[in-house]
Amino acid sequence: MERALFIPVMLGTVRQGRMSLPVARLMVAELSRRPGIETELIDVARLPLRVDDAGEATKDPTFSAQMSRADALVVVSPEYNHGYSGLLKHVLDSCLKEYVHKAVGVVGVSAGPFGGARGIQDLLPVLRELGLVTVFWDVNFSAVHGVFDEAGALRDPAYLPRIDKFLKELVWMARTLRHGREHIALE
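Under the numbering used here, the residues of the sequence shown are numbered 30 to 216, in order.
Calculated directly from the structure, the hints in this document are not laboratory data.
Each hint should be verified, as a subset may be incorrect.
[Said to hold, decoys possible] List of simulated lysine to aspartate or glutamate pairs, EDC-like, C-alpha gap at most 16 angstroms: (1) Lys-118 x Asp-178; (2) Lys-118 x Asp-72; (3) Lys-197 x Glu-67; (4) Lys-126 x Asp-89; (5) Lys-118 x Glu-85; (6) Lys-126 x Glu-85; (7) Lys-194 x Glu-211; (8) Lys-88 x Asp-122; (9) Lys-118 x Asp-82; (10) Lys-118 x Asp-81; (11) Lys-126 x Glu-158; (12) Lys-197 x Asp-167; (13) Lys-118 x Asp-89; (14) Lys-118 x Glu-67.
Work out the full structure, taking the sequences as your base and the hints as a guide.
Have a look at this one:
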């Protein structure tokens with residue numbers, strides 16, 4: 030029996046009142062429903078990373094272990110002024126070798142009409158430079174304040190097929206890359 034894929038969901042913002050939290054919880058719930066998948070929420074607001082140094086010198090051992098164990102990663106990133114959160118970049122930069130040849134998918138969130146697309150386009154080259162392999166699909170939550178109710182439940186079920194398509198690609202890529210990491214030598 031094949032061991033479960035570990036695909037954590039990283040919530041990439043620390044803003045108070047962040048509307049990305051219901052999105053991240055939804056992604057965890059949708060991953061949890063899939064057989065052979067283990068997941069957890071990694072909230073960058075809860076990571077004890079120093080800010081007085083750069084790069085791997087700030088590495089948190091728990092986060093590093095999560096990234097080492099991960100077969101793939103879902104990054105939930107709100108759009109901040111056409112970009113992504115500086116703290117998300119700081120957290121991502123705290124690891125390097127842990128990411129190599131692992132799949133990543135990005136879920137964009139915005140209050141406006143573009144669903145974080147502009148932030149995603151800026152994040153993709155960073156993810157590639159870290160050694161992650163991005164999937165073809167993104168999920169975009171636009172006008173996010175109206176997408177979830179006060180309890181955090183999804184109001185619009187039209188998002189579910191998009192999430193399904195995204196996760197199918199991510200899981201396929203995670204399995205393929207795990208096989209490669211474990212069975213094919215890099216020459």
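Checked hints:
1. For the hint linking Lys-118 to Asp-178, the alpha-carbon distance of about 30 angstroms lies beyond 16 angstroms, and the restraint is violated.
2. Pair hint Lys-118 plus Asp-72 holds up; C-alpha atoms about 13 angstroms apart against a cutoff of 16 angstroms.
3. For the proposed pair Lys-197 and Glu-67, the alpha carbon gap of about 15 angstroms is at most 16 angstroms, so the pair holds.
4. Proximity of Lys-126 to Asp-89 is assessed by CA-CA distance (about 14 angstroms); at most 16 angstroms being required, the pair is judged to hold.
5. Restraint check for Lys-118 and Glu-85: the C-alpha separation of about 12 angstroms stays at or below 16 angstroms, so the hint holds.
6. Distance restraint check for Lys-126 and Glu-85: the Cα-Cα separation of roughly 10 angstroms lies within the 16 angstroms cut-off, and the hinted pair is therefore satisfied.
7. Simply put, Lys-194 and Glu-211 have alpha-carbon atoms about 26 angstroms apart, too far for the 16 angstroms limit, and the pair is violated.
8. A threshold of 16 angstroms between alpha carbons decides the hint, and for Lys-88 with Asp-122 the separation of about 9 angstroms falls inside it, so the pair holds.
9. Pair hint Lys-118 plus Asp-82 holds up; C-alpha atoms about 13 angstroms apart against a cutoff of 16 angstroms.
10. As the CA atoms of Lys-118 and Asp-81 are separated by approximately 15 angstroms, the hinted pair is consistent with the 16 angstroms bound.
11. For the given pair, Lys-126 sits about 11 angstroms from Glu-158 by alpha-carbon distance, which is consistent with the 16 angstroms threshold.
12. Using a Cα cut-off of 16 angstroms, the hinted pair Lys-197 and Asp-167 holds, with the two alpha carbons roughly 12 angstroms apart.
13. A C-alpha spacing of about 15 angstroms is found between Lys-118 and Asp-89, which places the hinted pair at or below 16 angstroms, so the restraint holds.
14. Proposed proximity of Lys-118 and Glu-67 is contradicted: the alpha carbons are some 25 angstroms apart, above 16 angstroms.
When the structure is compared with the earlier hints, violations turn up for hints 1, 7 and 14 and for no others.
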